[in-house]
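Asks: Following the hints, position chain P against chain B.
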Amino acid sequence: DQQVKQNSPSLSVQEGRISILNCDYTNSMFDYFLWYKKYPAEGPTFLISISSIKDKNEDGRFTVFLNKSAKHLSLHIVPSQPGDSAVYFCAARSNDYKLSFGAGTTVTVRA
Amino acid sequence: NAGVTQTPKFQVLKTGQSMTLQCAQDMNHEYMSWYRQDPGMGLRLIHYSVGAGITDQGEVPNGYNVSRSTTEDFPLRLLSAAPSQTSVYFCASSGPTSGRGGNEQFFGPGTRLTVL
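Going line by line, the protein sequences match chains B and P. Quick note, in my numbering, the first sequence goes up one by one and the last residue is 112. Quick note, in my numbering, the second sequence goes up one by one and the last residue is 1485.
Read the hints as simulated data drawn from the structure, not as lab findings. Predicted model, so just to flag it, every value in this text is computed and none were measured. A few of these clues could be false.
As the list claims (entries may be wrong) - Derived DSSO-like pairs (lysine-lysine); straight-line CA-CA distance at most 27 Å: (1) K57(B) with K6(B); (2) K1378(P) with K38(B); (3) K55(B) with K38(B); (4) K72(B) with K6(B); (5) K1378(P) with K99(B); (6) K69(B) with K38(B).
Isolated chain B, as found in the complex (with noise of 0.2 Å):
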C-alpha cells in the first residue's frame, strides 16, 4: 500500500509561470518531506526539503508547504523555467530514516 501519492503523473506549464506539484501521505508519522528532481538516464538529486515542525521553506524558485492535518505538501517552481523539465518525485522519511517514494509527475515547461 503506497504510502506516499503523487496523483498527477504529467503538469505542463508554460515559461514564466508558477508550476504547483501536490503529493499526499497517509503516515503520520513520518518526519520529514523532501522532492527530488529527475533527468532521463540520470539518478534522482535532491531538490528541498521541510521538517514535519514547519508549514513553509523557502530556496530561490522553489517553495514547499506542508499541511499537517491535510497530510499534503506541494511544490512551487516560481518562475518555471525550460531546464525545470524534469519528473519530480515526493519523498517522506520515517524515523529509521527509510524514504517511501511517490510514482513521480513529469513536468514539461513549454517555451
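Replies: Positioned in the frame of chain B, the structure of chain P alone reads:
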C-alpha cells in the same frame, strides 16, 4: 569526490542467471540503500544498510541479497534473475549531516537491467 558510483550502466540477463550490481560511495556515509524504479511505481526500497556489517530488508526484498563488508561498498546480488526484475536500479547513500536536507540521500546514476 566521485559521489555514488554504480556499475554496470546497462545489463541484459537471461532468466535464471545471477549477477551482482556494484555500488560504491566515497563520502564516508553510513547509510546506503538500493531502490528499483518501475513505471508508475516511483522508487521502491529493496534493501538498506545503516553501517558496515548491518543490513535489513526494505519494501521489495525478494530475489535480492546484499552485504556490507565495508563502509564504501554495497553490492546487490540477483540470485536467479526473473523477467519481473527488469527495472532501473538506483543505489543511494546518506549520513547524519549530508546535504541541506539533513540525511539527504545522494543517488548514483542507475543500472538499467533487462531480464529476458
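Asks: All hints, please: hold or fail.
Replies: For each hint, the structure was consulted:
1. K57(B) with K6(B): 20 Å, holds
2. K1378(P) with K38(B): 20 Å, holds
3. K55(B) with K38(B): Roughly 22 Å separates the two Cα atoms, so the pair holds.
4. K72(B) with K6(B): 11 Å, holds
5. K1378(P) with K99(B): OK: K1378(P) and K99(B) at ~25 Å, within 27 Å.
6. K69(B) with K38(B): 23 Å, holds
When each numbered hint is compared with the structure, no violation occurs for any of them.
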